[in-house]
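Trainee: For reference, the chains in residue letters:
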Amino acid sequence: MRRRTFLQSLLAVFGAVSVASFAYPLLRFLAPPSDANRDRKFTLAKKDIPIGTSRVVLVNDKPVIVINEQGKGYIALSSVCTHLGCLVGYEAAKNILVCPCHGGTYDLEGNVLSGPPPRPLSKVPLKVESEQLVIG
Amino acid sequence: MNGTAKRIRNWLEVRVGLDELIRSNLTDYRVPSNINLFHTLGAVAVVGYLIQVITGICLLIYYIPHADHAFRSVQEIMTRVPYGWLFRQMHVVGSNLLIAAVFVHMVTIFLMGNYKRPRELTWISGGLLMVITLCFGFSGYLLPWTQLSYWATTVATSIPTAFPVVGDFVSRLLRGGSSVTGITLTRFFAVHVSLLPPLFVFLMVVHIALIRRIGLSATPFGRSDEEKRPLTEFRKKLHPDGYPYYPYLLQKQALMGILYFVVMFLVISFAPTFFFPEEATVPADAFKTPESIRPEWYFLAPYQMLKIIPNKFLGISLQIILLAVFIFWPFLDTHKEKNIFKRPVLRGVFIAIMIAMVILMWWGRR
Ligand code: HEM
Ligand code: FES
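Chains as they are written, first to last, in the working numbering: chain A, 1 to 136; chain B, 1 to 366.
Any given hint could be a false lead.
Unchecked claim - The calculated lysine to aspartate or glutamate pairs, modelled on DMTMM-like cross-linking and capped at a C-alpha distance of 25 Å, are: (1) LYS342(B) <-> GLU120(B); (2) LYS228(B) <-> ASP333(B); (3) LYS62(A) <-> ASP285(B); (4) LYS62(A) <-> ASP168(B); (5) LYS288(B) <-> GLU91(A); (6) LYS62(A) <-> ASP68(B); (7) LYS307(B) <-> ASP107(A); (8) LYS62(A) <-> GLU291(B); (9) LYS94(A) <-> GLU129(A); (10) LYS237(B) <-> GLU337(B); (11) LYS46(A) <-> GLU109(A); (12) LYS46(A) <-> GLU129(A); (13) LYS123(A) <-> ASP285(B); (14) LYS228(B) <-> GLU129(A); (15) LYS288(B) <-> ASP68(B); (16) LYS123(A) <-> ASP168(B); (17) LYS41(A) <-> GLU69(A); (18) LYS62(A) <-> GLU109(A); (19) LYS288(B) <-> ASP39(A); (20) LYS72(A) <-> GLU109(A); (21) LYS237(B) <-> ASP225(B); (22) LYS46(A) <-> GLU91(A); (23) LYS288(B) <-> ASP107(A); (24) LYS62(A) <-> GLU279(B).
I should point out that these hints are in silico values taken from the structure, not numbers from a laboratory. Note that the structure is predicted; figures quoted are calculated from it, not measured.
Only chain B is shown next, with the shape it has when bound in the complex (with noise of 0.2 Å):
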């Protein structure tokens, strides 16, 4: 290092104490020696978050929140605004691939059983992150103003009339007004790009401090995991037998962040329209409904459940509730045992579950 750099970093030193950061950080922070690429996961949902948060900013510089221009705004940004097609490709395309990163990262920890305690609020946090990003799908899925966008959104606002007193108050507050309009759009965009991102970084603030406080789990598979003691005090799980988290971890982040990338770029390269379809092209219509209205990919489980349980009431019900059986998981499976594949009802659940939920995409794709 020649004296210019070495005297700048003598500064940081000073002030900002480097070596002690990346000691604690980096080298002294210790991860289980049996860690996988699935614990990877959590910063790939990091990374998918950045990306959504730099390209959203480059389309806020073009993207007119109006009924009146939104759609043309939005073509503009596709067709004449230089690399527009890029950025908004990456924000559209990149959006499906975080919700499915969280979703993976999610069913990960739980067959590993990484929720169980003293983990409860990683979980609760973590599946907050997950309603959040939803939100996101959600609002940002009206903002080009298209026939999809109208129409999947009308249906979706008017879910919560079937509750009854409140349903309708709800639907409307969302609606501002009796349908969607130019009102509900600057809500949604209002929603989309002030609400959502801090409630988004707080939660992960909270999620990976609780991360950093507690100590990272190791994988319960071919050993034992399991925290036998009584908790009535904390202690940091510490691997005293672990890897330092750089290089061993943080390599195995990074490459996973760029596979991210690349996923991310087969898509937009050689399946540009996939999360385009014909009618994503087409300006909204209040007066005209279009023949084949379905919501983005993650929404669909839950939407043929609502359109095949004939009672709404008692559908969306269903749904809240089998939201909190998820978010309050901990604290129903209270078995101390980790691993899985000890647990053969839990299991048969798991199984049950994601059958169900491939059954009703399938179904409620056509």
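Isolated chain A, as found in the complex (with noise of 0.2 Å):
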């Protein structure tokens, strides 16, 4: 091998993996830190959500909205609506849950009843004790 070849090789491959090693590094350093194993639950009073009202509420960072369904009691569902993540609101007099950005609606189970939502909404564990609800 000549002398030239030798070193044009040499500087291939240090380049080469001068580059890679920085490479993933970076594309660490982008990516956000993942939050698949926080569980931290939530505690709200009873009396902070009457009857016929709900709550927008942070579990593990994730927009949570608490309803208490006149009869039915306390309901906890993501408020992320699974279109394009717009938080959806309660309207008591139809019960239903509305998203403002493209009119999504949703039943109190998280089911789509109309509009451009593909997936329903997540429900969230909801334990009520007392005189507290325990979300998440």
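Got two chains here, separate frames each, mind docking them using the hints?
Mentor: Rendered as structure tokens:
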């Protein structure tokens, strides 16, 4: 092998290794930390949600809508619309959830009633204790 | 010229070669004699970009890129900082005008067929400049941290999730988490002020260097301007019968640059709230989505298109294909005729696309 070719190949190998060894750290640096295994519970006083009203709370950084439905009690659902991520609101008169962005509607089980959302809202576990609600 | 000025000039002449620079770039550089006002739009875009840079640096002095302070710092720029309103208005109105100017530039280049060989790369660098300009608009929109910017960004960064496998990752990468937060704000800030500007300048230098090397094309109307020879070797388009760039085209460009300012200040003076709907004056609230969220006007057409195509994956794939067709258009349209009036099919397609865009925009507004 000629000295010139040897140097060229050496340069190519070192160059490729240096670039590659920065690519992975950079990708990790830019990627957000995983929030998969966080499960802190959120507690809320019952009296903060009178009958026929709702409230949005953050449970493990995800918005959750807690509804106190007339006659049925408390329900917790993810409030992030499955269409493009706006927050749904509770419309007590019709007893449905409505998304303000493109008019998607859901029932209180989270099922899609109308509009563009492709999937139902996911349910969030909720435990009713004597004076408070434990969500998450 | 007095003695000192002459000496300074001579000092420079020896070191920089002023005369040669002026000759090759201004007086000996010839432009076609049937050049029209549309050939000034590229220069207008350069002026518009410079305005964004200068006013953007002014805003940087008072803006705070943090979820707790961004909204308040922008309000202070508007109300407390002397003339802060002026620079913010120029930056906001300017961003919209720049996109409009770039768009019209592109449409006129298209109508005159000036993207044809050997100018394919000029078109591609221009198309990428358009994409970067739109990225500026998208990333800048979040920075004031208003209800409008927060929720428009939430919706826009949800769009990639329609893609299987990589979609969720892309959306999380853009947001820096599962929803739009202060982390998203610093990401967008970094992109807006430190990633996009050098990219833009690089592409602009490529764009203009190519134009200078190849020579401007003449308007294909009234005379033919086709490249008839096979393109196997480079030949600069010299326009021996044309006019010198200075004063003919440079003065036209300067005039249009001033017109750009005139339009900008008409908007700032007589319609100061034109680009600030109500939601743009309310601080971002991650717990409440306001009633009317819609993107900036230049994203309305693609946004509406996504909404009316029931399958999101199909919708986004279609838009990526359309973008690729747009960027690589010179390789798809290899017909030699530059004059669009002699190409009825292409003209029909063009008119149909324009009408479709207007309808989609109008529809998306409601
Ligand atoms: C901010 C972005 C842009 C800047 C600063 C810019 C700047 C310029 C300038 C100064 C010229 C020369 C004068 C003229 O014909 O107007 C030019 C020409 C040209 N531009 Fe752009 N431009 C931009 C965007 C675009 C876009 C989006 C396209 C198309 C996709 C494009 C395609 C072209 C072509 C093909 C020419 C050559 C015209 C000829 O040779 O006659 N440019 N541009
Ligand atoms: S985001 Fe809810 S309907 Fe589109």
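Trainee: Assess, step by step, whether the Cα of LYS41(A) is no farther than 25 Å from the Cα of GLU69(A), and give holds or violated.
Mentor: At roughly 22 Å apart (the allowed maximum being 25 Å), GLU69(A) and LYS41(A) satisfy the hint.
Trainee: Is the hinted pair LYS123(A) and ASP285(B) satisfied, with a Cα-Cα distance of at most 25 Å?
Mentor: Holds, at roughly 23 Å.
Trainee: Run the distance test for LYS62(A) versus GLU109(A): straight-line Cα separation, threshold 25 Å.
Mentor: 18 Å, holds
Trainee: Can the restraint linking LYS46(A) and GLU91(A) be considered satisfied, given a maximum Cα separation of 25 Å?
Mentor: Holds. LYS46(A) to GLU91(A) sits at ~20 Å (cutoff 25 Å).
Trainee: Is the straight-line distance between the alpha-carbon of LYS72(A) and that of GLU109(A) 25 Å or less?
Mentor: 12 Å, holds
Trainee: Under the criterion that the straight-line Cα-Cα distance not exceed 25 Å, is the pair LYS62(A), ASP168(B) satisfied?
Mentor: Judged against 25 Å, a Cα distance of about 16 Å means the pair holds.
Trainee: Please verify whether LYS228(B) and ASP333(B) have alpha carbons no more than 25 Å apart.
Mentor: Cα-Cα ~16 Å, so holds.
Trainee: So if I understand the rule, the pair passes when the alpha-carbon distance is 25 Å or less; does LYS62(A) with ASP68(B) pass?
Mentor: Measuring from Cα to Cα gives roughly 19 Å; hence the hint holds.
Trainee: Hint check: LYS288(B) vs GLU91(A), CA-CA at most 25 Å. Holds or violated?
Mentor: With Cα atoms ~14 Å apart, LYS288(B) and GLU91(A) stay inside 25 Å; holds.
Trainee: Next pair to validate is LYS62(A) with ASP285(B); report whether the Cα-Cα distance is within 25 Å.
Mentor: Cα-Cα ~14 Å, so holds.
Trainee: Hint check: LYS62(A) vs GLU279(B), CA-CA at most 25 Å. Holds or violated?
Mentor: Between LYS62(A) and GLU279(B) the Cα gap is close to 23 Å, so the pair holds against 25 Å.
Trainee: Quick one, are LYS342(B) and GLU120(B) close enough, alpha carbons at most 25 Å?
Mentor: Within the cut-off at roughly 21 Å; holds.
In this structure, the earlier hints numbered 9, 14 are contradicted, and the remaining ones agree with it.
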